[in-house]
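Join these two chains into a complex; the hints should help.
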Amino acid sequence: MSRLLPFFGFMLLVALFGFGIWWNTGHDPQAIPSPLLNKPAPAFTLPKLYEPTVTVSKSDLLGKPYLLNVFASWCVECEVEHPVLQAETPTLGVLLVGYDYKDAPEDAKRWLFEHGNPYGLLIADQPGQTAIDFGVYGAPESFLIDGKGVIRYKHIGPLTADVVATELKPAIAAVLKESP
Amino acid sequence: MTPELGQLALILALLLALAQGILPLIGAWRSNRALMAVARPAAAGQAVFVAIAFGILVWAFVHFDFSVRYVADNSNLALPWYYRIAAVWGAHEGSLLLWIFILNVWTVALAAFSQKLPEVFASRVLAVMGLIAVGFLAFIIFTSDPFGRLLPMPGDGGDLNPVLQDPGMTFHPPVLYTGYVGFSVAFAFSIAALLGGELEQAWVRWARPWTNVAWAFLTCGIVAGSWWAYAELGWGGWWFWDPVENASFMPWLVGLALIHAQAVTEKRGSLRAWTILLSIFAFSLSLLGTFLVRSGVLTSVHAFASDPRRGVFILAFLTIVVGGSLLLYALRAPKVAGGKSFKLMSRETVLLIGNLMFAVAAAMVLLGTLFPLVGDALNMGRISVGPPYFGFLFPLLMLPVVLLLPFGPFLRWGKSDTPILKQVLLRAGIAAVACGIVAAFFVDGQPKAIAGVASLVWLGVGVALYAAKRWREMPRGRRYPAEMAGMLLAHLGVGVFVAGVLITESLSVTSDVRMAPGQTQHIAGYDFRFDGVHQTTGPNWRADQGVVTVTRGSDLVGVMHPQKRTYLRGQVQTESAVDAGLFRDLYVALGEPMDTANIEGAWSLRLYYKPFVRWIWGGGLLMMLGGFTCAADRRFRIKRIAESEVAEALLVQETHA
Chain V
1 MSRLLPFFGF
11 MLLVALFGFG
21 IWWNTGHDPQ
31 AIPSPLLNKP
41 APAFTLPKLY
51 EPTVTVSKSD
61 LLGKPYLLNV
71 FASWCVECEV
81 EHPVLQAETP
91 TLGVLLVGYD
101 YKDAPEDAKR
111 WLFEHGNPYG
121 LLIADQPGQT
131 AIDFGVYGAP
141 ESFLIDGKGV
151 IRYKHIGPLT
161 ADVVATELKP
171 AIAAVLKESP
Chain B
1 MTPELGQLAL
11 ILALLLALAQ
21 GILPLIGAWR
31 SNRALMAVAR
41 PAAAGQAVFV
51 AIAFGILVWA
61 FVHFDFSVRY
71 VADNSNLALP
81 WYYRIAAVWG
91 AHEGSLLLWI
101 FILNVWTVAL
111 AAFSQKLPEV
121 FASRVLAVMG
131 LIAVGFLAFI
141 IFTSDPFGRL
151 LPMPGDGGDL
161 NPVLQDPGMT
171 FHPPVLYTGY
181 VGFSVAFAFS
191 IAALLGGELE
201 QAWVRWARPW
211 TNVAWAFLTC
221 GIVAGSWWAY
231 AELGWGGWWF
241 WDPVENASFM
251 PWLVGLALIH
261 AQAVTEKRGS
271 LRAWTILLSI
281 FAFSLSLLGT
291 FLVRSGVLTS
301 VHAFASDPRR
311 GVFILAFLTI
321 VVGGSLLLYA
331 LRAPKVAGGK
341 SFKLMSRETV
351 LLIGNLMFAV
361 AAAMVLLGTL
371 FPLVGDALNM
381 GRISVGPPYF
391 GFLFPLLMLP
401 VVLLLPFGPF
411 LRWGKSDTPI
421 LKQVLLRAGI
431 AAVACGIVAA
441 FFVDGQPKAI
451 AGVASLVWLG
461 VGVALYAAKR
471 WREMPRGRRY
481 PAEMAGMLLA
491 HLGVGVFVAG
501 VLITESLSVT
511 SDVRMAPGQT
521 QHIAGYDFRF
531 DGVHQTTGPN
541 WRADQGVVTV
551 TRGSDLVGVM
561 HPQKRTYLRG
571 QVQTESAVDA
581 GLFRDLYVAL
591 GEPMDTANIE
601 GAWSLRLYYK
611 PFVRWIWGGG
621 LLMMLGGFTC
631 AADRRFRIKR
641 IAESEVAEAL
651 LVQETHA
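Residue numbers (this note's numbering), protein chains in the order written: chain V, 1 to 180; chain B, 1 to 657.
So that you can see chain B by itself, here it is in the shape it has in the complex (with noise of 0.2 Å):
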């Protein structure tokens, strides 16, 4: 009985999603404030009943619910409860249940800190937020059901994909699709601003913390996934260019192109059409993730089982949404370049040459991902292009966004002198040239990690003289209000992720070994000794579990435990061993026995020395940080005005424009 609630709970969610997507927008045409006035408490009782389905698949995976196909799916009765509830978001119905969740926990926040907005726009936003939300509750009422049920109700479940049993994995989706989904905020702001020919800008400022947060969200959800990958998928590498990596990757670059856009048009009203465009282009390529996983068009390690009538559905959606908003960009788009215009040296200038260096590398990857389509489609088979192309492009496109990083803070807005640019130049470059020579030393010539402590170098010390400069010129209390704090972060971010990058692929040491119990091998410094393989058994696994003593000169670094697993229904999954250093990582993954009747015998190992690999995700961790902090910005909280004061100061702006 319960199920069928769920069902319904859906059902009445869509209905309150349509009223809340049709009638404000009517409202706002007629201005008919009771109208208007349907927004808040229709996505309210939205957010009520898509809560009510959560939690009832929630429940029924708790309490082993198997006559719910779902459920049976993708559970059995000896999997953990938090891996039964991190099954909810396992497979292709439950992470559309938790899509339309997260979409409507945003659009509760954005009616809860919209009341001061105009009225007009702000019931306008609501409801684009429930015409997306009627889209993906119709995709799953008439395509995804979670709540099918399966009779006879089977005595055990499936399981959940081994690989999806991993800490990593239970919080991984729900961020990277609270990230995805909250660019439906900006989107629909711009679309509000698009459909009311807002000429001002007023509205970029209270877009501009939304964006923020969806982006640090969506960071942090991209460093969990890489982070898993390296723990879990057992070769060490933390980023593949699978197509679903690209596809949580696009709307990250677009979405980053769009943080610098929104400054700009914001403080100096110029790139109002790039803005608005850019807000669409970051939802549709959130939509296009969605589509590219769940469709079955390309081939990924962790696409969801596809189905041609989904991939219908969706394409159709995203044809509606997407196309309609690019129209309604061409109709409405504010039609002259407006605001302040700017000189060749200025920030204006470099924040653009980053948006593009972004958005064509969103465009490349795109290209890459859809390549085995476009294959299809010229009749020359299906081709991947893989880390060939894009290893060799995107460092290349990235590259002019870290030279000029450092200028970016100094740069003044409209025009801005040189003097400045060359002693930051000149002082970030010495130190980075010295560092450089000195790493030289350490790294035995690699020019790949001597490039990794320059840039490191280059951007830290970038970071610094203007922290410093700040310092020296301003205030107590007015030095780092948090939109700078949070810029000087991101950026700092961005060193130490371009160094953990580059240090970690030119120093790694990777070995591929048999070793018979007792033997040790001596891998950059440190020997592994094998100590043999002995049976283990978990929750809903067994595996052949390795021991590896670590040990450098006389002193035990640790002893590592990597095993080879085997779940309930037959699927193998290794588990590696990472002995985690903030300087190196050691990571022992065990491969198959030599001898499979023997397994206390030789095994074959791979044994991996990576220095430095902890910096690329606290370089992410550090751009998510200084997103959030962005966001808490006292600038952005807005003041309640009443709708003449709003025109009175825009018309203040535009005559001193």
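Bound-form chain V, shown alone (with noise of 0.2 Å):
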């Protein structure tokens, strides 16, 4: 009987790859429903990457809204993403915050530097205790936060220009009429 059991723990992991590929074709992973949605967003206060001597807290960003991007270097996903931030950054219209997850600092300046920089704001959370609040599963994550700091829109993984165009830009105009 113990002979059979490297057989069916390959079945165990036929089984995940099966379900991958069943996923990849009719699933985004962006179907998850936060418990965060319409709610303020956690409160915070984390250093700035480029000058961590500085803190920025959420009552800082109160006013308008913005979209708080949660990456980190050692993310393979997050160079998925990466080009599509580039790309639309100028045209979302809110203050792209780039929250560095998990990372130490000098990694993340590396990515930046090698990636390009689209964030108009860069905080880091190197123990990643902040963003237990925020119930990030992981990077990447984006929060979309109106001037009120509530949470208006997550997306789980990394946000692809269909995302952007379908989700992300509707969201956006939706939170930009309320207060502009």
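By construction, these hints were calculated from the structure, which means they are not laboratory data. Nothing false has been slipped in among the hints.
What follows is a set of in silico ranges between Cβ atoms, one per label pair, in the way DEER data are often shown:
#1 LYS39/V with THR549/B: 55 to 61 Å
#2 ALA165/V with ARG149/B: 32 to 38 Å
#3 PRO170/V with LEU5/B: 48 to 54 Å
Residues of chain B placed beyond 10 Å of chain V at every Cβ, according to the derived structure:
#4 TRP29
#5 THR143
#6 GLY148
#7 PRO154
#8 TRP239
#9 LEU403
#10 PHE441
#11 PHE442
#12 ALA468
#13 ARG470
#14 TRP471
#15 HIS522
#16 GLY558
For each residue, glycine too, the CB sits at the ideal point set by N, CA and C.
Written out as structure tokens, the structure is:
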């Protein structure tokens, strides 16, 4: 019986891969309801990536909507998302805040140097504590936060050109309409 | 017309592969020599047709046949000829053809060198190779035709991914694939042994040189890939734990375990089932790598364009090959724990510990690589675990290996005595501690760098002590048989590699700076003077090229030319400038101009000082050399023996056991 263990282990893998193929064809990872949606964003105070002595907190950003993008230099999916951010940022109409997640600042800077920096503001959460309050599953994730500090839209996984056009931009338009 | 001939050649190759895969199996089962004799000619014929198909694709690239979609997608009129040949394996379809071509090279080599093996066994081995080829030929013919036409024919093509336009990239895939595919031989040997219910372990000796050569090629391919990433990606890293890198690293780890397990099985007869299982896993992980890279299940910087149909096909193929062989293993693997018994203090024990560590490390890498997928499955979103996970666990698992390595050769099979081990521990330990203390003064007390020096000395002295022991105790000519020399080389390579990694990681200096022409930056004793940026052009790119003059004191070290290239189709690619040295690399990458309108002004630059970074690849190359040297051992050359003699010899062996 024990000689069948490798076989069963492998079949488990096959099931996982089969699921992966099925998931890729029919799903997009955004379809996860967030308990934070339409609730105030958690309060945070985090240092700036390039000026670690200066901190940014939630109250500093109140008044105007912004898009908080969780990324990290070690995150492979982020490299997929990055060109989209680079291309779309100028036409988004909101501030793009980069949230560097569980990352050595040096690595993050190097990564931004290599891939370009689309962010208007960069904050670093090296220990990853604040991210727990945001309910961050992993990088990349994006939160659209309105002028009152309420999360209005959330996307898990890389933003694609398609997602930006069909989901993010309408959400931004709705937010901007309320508080010009 | 010619591309259609390529297609036809592939279809004929598929038919021959079917013959090679099925008829000899029936022949071996029914003891029909005529059917068994089909294996070799069928293998040769298949190889000829695959070579023709491959040649036709190369021809299409060389002659700009843009009516072939694959050629039009991956090359253009300005691409130099050497990159047009490399473009053959630059994307999914062509690289798959290369895979098959290399599989055929291995099969032909196997057909040629297996003449002296028992006929039944050899025909089973060749049949398994044929069945693998059937899967891949069907894959390329039904889902990934490289000869598909594009009509109307465009005047010019697209471009080869500029990341691949680098000398390192032209030979990295063929070498890597040679390693990957090479594990199919060990796999075929194991399956043939299971099918034949081979109770003896003679086949393990025949499989050993093949496994060593495959592993050495894989090592070389990984080293080439790592060096390419370092030179080309512009961030000075040499390993990123990217899913595709992991896909090549997992079979490497299992192959490493397999090499050592085979040694135990061949010499002592123990660990038989484990050796068979590892052979299956090594090749399965090669197939898995192919699946991960081509199915689109995982995202990676160098994954191929994905197509769900391909994913389903490879998954089905993977299920049949791996599932089938594991089932066969469950049914036919040797039931009793055979072989000679061994005590706790024995060579078997340390080899077993090493084996477990490598296997666990491979499982750890597999888990980390598949984590995004598991995340999806458990509805947690797609999460990359990345270097924080691998970088913590992998060194932890390798620590016992490094610590035990010097003792391995000194231990005897079966049962060993301790005095000699204490001597080794004392000598190598004192040398390592002493050198560590001396090194501490040179490296500002950096613990990682000290550990690097100490482990190099620990492993190096261990190897030297054993070499000296052989020199004293053995008569001339019998001191260093190839198998032993290979082992010593590879173990020394581990030390060089570990030292390179630890010293580079702890002592590298990186600086991202803004520099105006004429400004100088001082890093690690070197002065980098930025002499501005000018434009330059190549065959299919134009570039902003920086000039950085490096001096040390009053000596000129070199003039470096980092580039930021823009290729014909608009892709931007950094070409870093590297001033290489045995003890340090200087590395300059060009960032962005401060003012895009004025490229002659100030730029952002990244300057690196990387001590001992070459040792990482040097260590890898030593390991590769060790693998090749081992395979050349005379003991592995098969003598012609009639089958009755084999049985007799085995009988003698069994009674002695």
